[in-house]
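Visitor: So the sequence shown is residues 96 to 265, counted in the numbering used here.
None of these hints come from the bench; they were simulated from the model.
Predicted, not measured: the structure shown is a model, and the values here were computed from it.
Any given hint could be a false lead.
What the hints assert, rightly or not - Using C-beta positions, here's what the derived DEER-type ranges look like:
hint, residue 1, residue 2, range
1, 175, 262, 43 to 51 Å
2, 262, 209, 48 to 56 Å
3, 98, 219, 33 to 41 Å
4, 103, 206, 22 to 30 Å
5, 209, 141, 39 to 47 Å
6, 221, 175, 32 to 40 Å
7, 212, 240, 17 to 25 Å
8, 101, 217, 39 to 47 Å
9, 128, 221, 22 to 30 Å
10, 250, 221, 41 to 49 Å
11, 213, 189, 18 to 26 Å
12, 232, 263, 31 to 39 Å
Every residue gets a Cβ at the ideal spot worked out from N, C-alpha and C, and that includes glycine.
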Amino acid sequence: MPILDRCWNPLMMYHFTNVRFGSYYCAVYTMVLHIVFIFYAIYAIQGGRTEWFFSPYFEYSQRGTTAAASITIVLCLIFLFFTFLLCRGVRRDNRCMYFPWMMGMTIEILLMIGVGLWYIVRYYRNLFSVLAAILLWTIDGFHIYCLLIVISQYQIVKNLQEPKFEFLYP
């Protein structure tokens with residue numbers, strides 16, 4: 096039994112759709128988000144402003160910013176590949192292609208929770224740290240919802256593909 100039968104979508108007329116299309120929407124959302132992260136990392140490498148408190152490269156030197164942004168670019172490219180696998184898996188009903196995206200999203204969710212806690216613990220005197228953590232955890236809640244949609248699609252495909260045996264003789 097899947098966790099969700101249908102999912103919310105702001106683009107549809109009745110605002111609900113099945114989890115198959117919801118999985119596509121989650122893939123598009125994560126693809127766009129990671130492309131934006133890649134462009135921000137390129138901006139940071141080229142000497143853009145990263146000294147704002149809400150910047151992910153806050154308190155890094157130029158050399159540290161270059162190293163962290165390069166790692167961000169590599170990880171985002173890997174996650175873009177996982178998103179491509181998710182789209183192919185949903186289209187072909189191949190549930191094994193869901194796993195890289197689900198594992199990557201789980202790691203990303205845990206990382207966002209950890210960064211929010213680190214903001215609060217490290218900058219406990221700064222009130223902006225609480226706001227940054229709340230904003231990060233709000234985005235994290237949407238990522239958890241996207242993960243639940245893909246897990247529900249995985250469960251539906253699993254129930255359709257597993258064999259059903261009927262024993263005729265006791």
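Visitor: Taking the earlier hints as the rules, which of them does this structure contradict?
Guide: 5, 11, 12
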